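Peer 1: Single-letter residue listing:
Number of protein chains: 2
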Amino acid sequence: MRAEVVGIGTEILLGQIANSNAQWISERLAEIGVDVMHHQAVGDNVERIADAFRLGLERADAVISTGGLGPTQDDVTREGLSLAIGAELERHPEIEEFLREKFRSLRRSMPEINLRQADVPSGCRYMLPERGTAPGIAWQRDGKRVYAIPGVPAEMREMMQGTILPELSEASGASALVSRVIRATGIAESKVAELLDDLFRGSTNPTVAYLASSGEVKVRLTAKAASRGEAEDLIRPVAEEVAHRLGGAAFTTGDEDLEQVVGRLLRAAGKMVACAESLTGGGLAQRLTRSPGASEYFLGSAVCYSAESKRHVLGVSKETLEGPGVVSEECAREMAAGARRVFSAEVGVALTGVAGPEPHGGQPPGQVWVALDAADVKEVRGFRAPGDRDQVVRWAEQSALDLLRRYLQHRVRS
Amino acid sequence: MRAEVVGIGTEILLGQIANSNAQWISERLAEIGVDVMHHQAVGDNVERIADAFRLGLERADAVISTGGLGPTQDDVTREGLSLAIGAELERHPEIEEFLREKFRSLRRSMPEINLRQADVPSGCRYMLPERGTAPGIAWQRDGKRVYAIPGVPAEMREMMQGTILPELSEASGASALVSRVIRATGIAESKVAELLDDLFRGSTNPTVAYLASSGEVKVRLTAKAASRGEAEDLIRPVAEEVAHRLGGAAFTTGDEDLEQVVGRLLRAAGKMVACAESLTGGGLAQRLTRSPGASEYFLGSAVCYSAESKRHVLGVSKETLEGPGVVSEECAREMAAGARRVFSAEVGVALTGVAGPEPHGGQPPGQVWVALDAADVKEVRGFRAPGDRDQVVRWAEQSALDLLRRYLQHRVRS
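Protein chains in written order, with numbering that gives the first Met the number 0: chain A, 0 to 413; chain B, 0 to 413.
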């Protein structure tokens, strides 16, 4: 089965918003073995929308459009689809009632214009939304399908997951494409390239590819087979080999972020962590609190931007501040110990450094010190992170999370 | 002049990467008054790439493709373009020399396969890159143009800015399209819709549109005229009218984020701020430290996730923790005063609340309290933020920044 994804909205063509829906939908379709051969994007224009549907139906078995289903006059996907399939718009009393009820429950009066959302081309089904007010539209004839769904990502995902993916998965009976990502940190990209060189070149099913970003390398394995199970069987031994070669640097073979892995390890160890941050400005705390339930392992973070606050809040010594300074091994050590003490935590993790673009505390941009303080382990590491301000911050956060991970996996010993 | 943007690469269709180039290029083209009517994306397939160029050339005056110019066998944009325009690939010795020199300067040996990058369809110009190794290709005939440039964003931008935008701008002799965004916060989307209703409906040059996200409404004015100056003259009075009607809710008519406005106001007032955060987990500190130079006005933030740390680090009273609890007006007040005291700041800002999805401290998800503490002003505000965990957090950060802004603009008095 071949599918095509059509983004509708002049704001996409003006570059005012990214057409992120196309990526999300494509990734989901790949997972169920549906081949996406083209993306299109068109503006809010009836003729051009109709042409986009016609072109999509020539090339693909299923066309999924997002956007243009709002209540206002510039939302004309309904009209464009009608034109493409030679249908007339019909007003559906059940949708009208659904809309009136939505507005009643919000205690708002419904503008008459909103009734346009009750119009559906003849011969089409409609999907009432949980979120928002825009119904989705589904059309099917001679083995060809069109789904027109809202452009608001949460509303789009709801209809994809609730209706479209199950329908297409069943209709395609397709071969499955399965991807697995192994993520590693604390290892250079060139080292990964060297360790896995034969697999990048030689492995075809699964294919092996990698992508590096600040402080992290992702290795993606993708296998194609008649079923999901078979594709997974093809991936498993290669994934094990990749994880084995990457050793301690690989932190997940699932779909977890580093902070999720750390959260899981902290929870398992029954340990509470506290942080002290300087250059990351709260970024480390934010990553540790991204998941619900973070309060089970995270106590807090002292974000101390100034030298005075490092002294008063964290108790960094006058000698350290006046000697090696705020960007130093000693300062990182004392910040980690301070975080552990101030928050009464089992583990303290601290970061100090220079985000840039200017030097700071006599140190160049990119200089980072990360320290961990626990009853059994005191550890400090320094490095120079490459890149601009954002990349240095991201790299620093990553290094602190990784030090915590390695400590929890007993890979760091004093 | 009409243009079309074609993203080339199977990884786009698999959803492995976002086609962010299309957005960036579209935004730049809009700025020089070139209308983008369609986006396309196709995989690494010679026939389909050729079809995409042909379709683009039927519909538009200029087609800009990104991607598929690498050295490996799956990069076939050169072949696809040749097929579309009926040309043959020719190897260029100057590009060959350029490639060899690039590799020499990196002290690496050049694989023979890389010479594919020296192939250019006959009758085309080429653009040698500063970054990377992939030359861009330009073709022109009977008023139609094609530019094929690399997909790596930095390499793409270099060729857009250095060659393509100047050429298209000159060729189009185009009218200029200018956009201005007025951003407002602390005001309901429906209120904005009501206040600006006549402009949304009636104003055509500039057009007036709005977009709401968590805690912020953006009003975008877009004018078209013979020159940039004329377009700006059309926008100015409408922008003033919009800002006037939105009153204190409008925080910028430029392109500043709320945290940039707050940073600018703090710097102008010569005041240092400190924060105390709970549900935002460092997000408020992070937004305040996003810009270089934040240390001129930001001292730090105590991210206190647990009740104990609110007590020990910030000095929230036992009575408050045992009475109204961690999610309360009183707790927010005491946290703000604590932040001001602990960091020796002129202004303390605090946030406490429930990010969700579970209730916390006897309060429902979305309940947020924000407080500000200064010598002259003590202010606290409570509200229920809608949406999921991420949205609630974003809304809370926004409300704290906005309270700080209004205080600095003397819009809050005790």
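Hints were generated in silico from the structure; no laboratory data involved. Quantities reported herein were computed from a predicted structural model and do not represent experimental measurements. Treat the hints with caution; some may be incorrect.
Repeated chains share a single entry, so a pair holds when one copy, or any two copies, can fit it.
With a Cα cut of at most 30 Å, we get these calculated DSSO-like pairs of lysine-lysine [what the hints assert, rightly or not]:
1. Lys143 to Lys317
2. Lys223 to Lys270
3. Lys317 to Lys101
4. Lys223 to Lys317
5. Lys217 to Lys143
6. Lys101 to Lys217
7. Lys377 to Lys101
8. Lys317 to Lys217
9. Lys143 to Lys377
10. Lys101 to Lys223
11. Lys377 to Lys190
12. Lys190 to Lys101
13. Lys317 to Lys377
Peer 1: Using 30 Å as the alpha-carbon threshold, which applies to Lys190 and Lys101: within, between, both, or neither?
Peer 2: between (56 Å within a copy, 19 Å between copies)
Peer 1: How would you label the pair Lys317, Lys217 (within, between, both, or neither) given a Cα cut-off of 30 Å?
Peer 2: Result: close neither inside a copy nor across copies, 42 Å intra and 47 Å inter.
Peer 1: Regarding Lys143 and Lys377, is the shortest C-alpha distance of 30 Å or less found within a copy, between copies, in both, or in neither?
Peer 2: neither (64 Å within a copy, 64 Å between copies)
Peer 1: If the cut is 30 Å between Cα atoms, do Lys223 and Lys317 qualify within a copy, between copies, both or neither?
Peer 2: Neither: 61 Å inside a chain and 60 Å across chains, both beyond 30 Å.
Peer 1: Give the relationship of Lys101 and Lys217 under a CA distance limit of 30 Å: within one copy only, between copies only, both, or neither.
Peer 2: Between copies only: 25 Å across chains, 44 Å inside a chain, cut-off 30 Å.
Peer 1: Using 30 Å as the alpha carbon limit, work out where Lys143 and Lys317 are close: within a copy, between copies, both or neither.
Peer 2: For Lys143 and Lys317, neither the intra-copy (74 Å) nor the inter-copy (67 Å) Cα distance is at most 30 Å.
Peer 1: At most 30 Å between CA atoms: does that hold for Lys317 and Lys377 within a copy, between copies, both, or neither?
Peer 2: So Lys317 and Lys377 pass the 30 Å test inside one copy only (21 Å; across, 34 Å).
Peer 1: Within a copy, between copies, both or neither: where do Lys377 and Lys101 come within 30 Å Cα-Cα?
Peer 2: neither (58 Å within a copy, 40 Å between copies)
Peer 1: Are the CA atoms of Lys217 and Lys143 at most 30 Å apart within a copy, between copies, both, or neither?
Peer 2: neither (37 Å within a copy, 39 Å between copies)
Peer 1: First find the shortest C-alpha distance between Lys101 and Lys223 inside one copy, then the shortest across copies, and answer within, between, both or neither for a cut-off of 30 Å.
Peer 2: Answer is neither; intra-copy 43 Å and inter-copy 38 Å both fail.
Peer 1: Up to 30 Å between alpha-carbons, please classify Lys377 paired with Lys190: within, between, both or neither.
Peer 2: Cα proximity of Lys377 and Lys190: one copy only (27 Å, versus 55 Å across).
Peer 1: Give the relationship of Lys317 and Lys101 under a CA distance limit of 30 Å: within one copy only, between copies only, both, or neither.
Peer 2: Cα proximity of Lys317 and Lys101: none, with 62 Å in one copy and 44 Å across.
Against the hints set out earlier in the document, violations occur for numbers 1, 2, 3, 4, 5, 7, 8, 9, 10.
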